[in-house]
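Undergrad: Residue-level listing of the chains:
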Amino acid sequence: MSLKNTYDVVIIGSGPGGLAAAVEAKKEGAQDVLVIERDAELGGILLQCIHNGFGLEIFKEDLPGPSYAQRYIDESLTLGVETLLDTIVLEVTPGRKIFASSKQHGFVEIDARAIVLAMGCRERTRAMIQIPGMRPAGVYTAGTAQRFVNIEGYMPGKKYVILGSGDIGLIMARRLTFEGAKVERVLEILPYLSGLTRNYVQCLQDFDIPLMFEHTVKFIHGKDRVEAVEIAAVDKNWKFIPGTEEVIPCDTLLLSVGLIPENELSRQAGVELDPITGGPFVDESRQTNVPGIFAAGNVVHVYDLADWVTMAGYEAGKGAAKYAMALRASETAHIPIIAGKNVHHVVPQSINVRSLEEEEIELQLRVLKPIEDRTYVEVHDGENQIARRLMRYVRPGEMNTITLKPSHFADVEKASSITVDVYPR
Amino acid sequence: MVEKRKLICISCPVGCELTVTIDEDKIIEVEDNACKLGLDYAEQEIFDPRRMVASTVKVKNGYHPLVPVYTEHPIPKPMIKDILVEIRKVEIEAPVKTNQVVLENVLDTGVNIIASRDLPKA
Amino acid sequence: MQEKYDFIVIGGGVVGCIIARTLSRFEGSVLLIDKEADLCMGTTAANTAIVHAGYDPLPNTLKARMNVKGNAMWDQLAGELDFAFERRGDFVVAVGEDELPALDVLMVQAKKNGVPGCLLLSGPEVRRREKNITPETSGALWASTGGICDPFAVTVAAAENAVMNGAVVKLNTEFKDFIMDGDRIIGIKTNKGDFLSRWVINSAGLFSDFVMHQAGVRPEFKIKPRKGEYFVFDRADVQIDNVLFPVPSDKGKGILVTTTVHGNTILGPNAEIIDDKENTSTTTSGMDEIWDGAQKLIPSLSKKHVIATFAGLRPMGNAPCKTPGVNYNADYIIEIPEEVRGFVNLGGIESPGLASSPAIAQEVVDLLIDAGEELKVKKDWDPIRPSRPRFREMSQKDRKLLVDMDPRYGRIICRCEDVTEGEIIAEIHAPVPATTYDAIKRRTWLGTGRCQGGFDTPRVVEILARELGVSPLEITKLGEGSEFLFRPTKNVEG
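Residue numbers (the working numbering), protein chains in the order written: chain Z, 2 to 426; chain Y, 1463 to 1584; chain C, 6 to 499.
Because the hints were derived from the structure by calculation, they are not lab data. Fair warning: this is a prediction, and the values are worked out from it, not measured in the lab. Take these hints with a grain of salt, some might be off.
[Stated by the list, open to error] Below, simulated DSBU-like cross-link-like pairs (lysine-lysine); rule was C-alpha separation at most 30 Å, straight line:
id, chain 1, residue 1, chain 2, residue 2
1, C, K282, Z, K104
2, C, K282, Z, K159
3, Z, K159, Z, K104
4, Y, K1539, Z, K61
Generate the whole structure from the sequences, applying the supplied hints.
TA: Set out below in structure tokens:
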């Protein structure tokens, strides 16, 4: 596949949001659609979500994440969506220029008529909640651990404590148990579950993994590798309650303490972010404040089901395609007016054929050399004459004009360019 | 012998906490369900609890060392551990196609373990 | 056949590496050892990265002399070794009228120490230069020679330059004892065997007391680790332009808010004296203390923008200042002791150790010459360490050229800080190789951004395993015992 310089729709990210946008953009009629994905395969986060629960709304089936992704991967390839894999977008400009980099394709610069931002989320880190202790190996965000277990094929540890009852934490509790690890405890600082009840039942209750509300980690023990976590209960103001401390020996602490929409590229592009969601302000067609830049999925706000992300992706893809197609139409609408024989320059230099109405268009020109005799000023399309005017003389010091009348427009519209020539009779 | 059991119904996101009164092999009463789905859930969950199981199997010469797999239909909950042991024994050869049967009729449940995605050769 | 070296430097922090580099200029073999899996994992690993101007140490102490002399040497050092260094200037900010006299005291001290380019600024002038400064500021001392640097970069660059010029660096090598011949040190015993020497230089930082005691030198000298905790902020959300100190107290320079060469703002440190020389934990009380301190200078800081926390230990010594009449009991030790031969002894090199390091190295050279060493400059000594590309600092145009030249620089591994596979590979195969995740993190700045390694960790583990030819299970965060992974997913025991 050879990369084009300009695409109708460029989609950044190939998770459920990005793939849905790609598919819908094609269906809406966009010609050149490109998906840029930083991983080596399409599918985004779905590839590591190997558990069921996807597609219940859209397909009325209970699919694992990779199967759900595969449907859209197959459809987008069938529709002719182009892809750049193992490629990271470095910058998106407000003028919709994209700089990206990869090993296979090198350093890439692409113009997009419309962009769909579908970069998803990153995970909240230990540092952001300031858990004290040294910095041993064995502290992972749940998503990073999930990647190791399901894709790279390695278990990060033997004995786990999970902080956070969000879905990723609950799912990992079950996953790790399935692969022979011991999950000692799941802690949640709030007095209620952060994730879906279904996941509590099928990931914790099924396996007798204890869940403690209003508890969190007070200190991480260990210098080279996690050795234990000290946990304690908290009051309504998240202050530790003395006397409730407990040290749980373990070698891994998984953090499932929240997702943050990943909008660094959005910021660079001048997209205005909503401080409450952390994602872009969007309208009903998912367009941001920057014309031609759309956003869909977790990058806008955190979703609970991938099916809804897909729906948002459809909207963004449709909106992006419409925008791109309108832009493309207006680009090819301009035909150039060329300075021909003995003409120095002509103004205007182009005509927008889409806005030809009933008004005359006057072409103004200057000749190169004087002709002190009867002279024709002619407008033609390379083959046929469109208009012609007879002058008594032409001189560089005096501007000349020739008018295109509505009766000429039919011929003008058909031309790919028109030329003005000046020659003696 | 009559016993009472508590269950969280997961038929819809509400998650009603049901109290189910059971006499041997019959449900006498279901309390605190907001709708009929709770009754069906209690029946299924008490006498024949089933789960979908998703895991991974080893792949030889594949783009990744593992391919995700899942049970085509829910399997009996008490058999989860043994099914996982069976899944762990499997090693298949790349390439793998979505829905390819990786383990047929696992432990005589009538349920196949199938691949969740395509996986090309390395 | 035992290895024999002319000079053995114990300790691969900034001081030890610059000493090794300085010695590599002369004829004679140099060995640098460090007990950790990488250089600069001791005090150099965690500090404010400030090259102090020199107004703070007590006049006529060795600290003061080394600080001011060393500060002036940084431009040449940065030029030769190619690392990030900027003379931003230090501000000591007075809050409220009561704190203004302290600035006058510092000005007098600055003059006594020979610090050039100090100026007293008014409150409005301070507010003009630092828009986020507390509105209560009444004025500041501005020391224009203060600088900021990347302490990891200078340490690694110095060690690399030493290796380029023939020095040997051995990591994971821990000093145990000296080999004596009467009162002369003729070698050292380590966990990796014995090495013979003509001179041993003690640059062991937190453990400098242990080292000198093994030679029977200064039994009364004791290092007390002083722990300091720090917060790091997201550069997209917090932009502080300057290096801001509060007015000093008897606890020390106080809790700073400072910009860094990477554009992040950091705040800290506090000063807690502890016993355990390996304890670099952050604590709730410590983090509360530095947060409160920083609010004094920049009240608009928000914890929402914290992306990292860390802690470091300073080696506070108890050596009295040698200058008569100066009553100070935590001065540097830089000496050739009388009771033992073949030994250059350094001790208690805490702040302003970073700023002083080039001067300390020169002092060591002067001591050796005084002791009769004929240090002949190597004919082919090359002071220039060739620079390596830093993708994150390059323009899009230069990036394209780099990637066209070597596609491995096209694969971005750390999304938040734009660090590429090519750079990681270069560090793994560098003159002093990076073989752990943290080593690569220190040198490339990977994993220090918003996601704190969430995206890059699996990829770095894969690259390290591939380049070192080992299983991913052997890849560590900071050395043996800190392996990331436990077993393959499918290998369940029992």
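Undergrad: Now tell me, hint by hint, if it's right for this structure.
TA: For each hint, the structure was consulted:
{"no.": "1", "hint": "C:K282 to Z:K104", "result": "violated, 44 Å"}
{"no.": "2", "hint": "C:K282 to Z:K159", "result": "holds, 29 Å"}
{"no.": "3", "hint": "Z:K159 to Z:K104", "result": "violated, 35 Å"}
{"no.": "4", "hint": "Y:K1539 to Z:K61", "result": "holds, 23 Å"}
The structure fails to meet hints 1, 3 from the earlier list, while all remaining hints are met.
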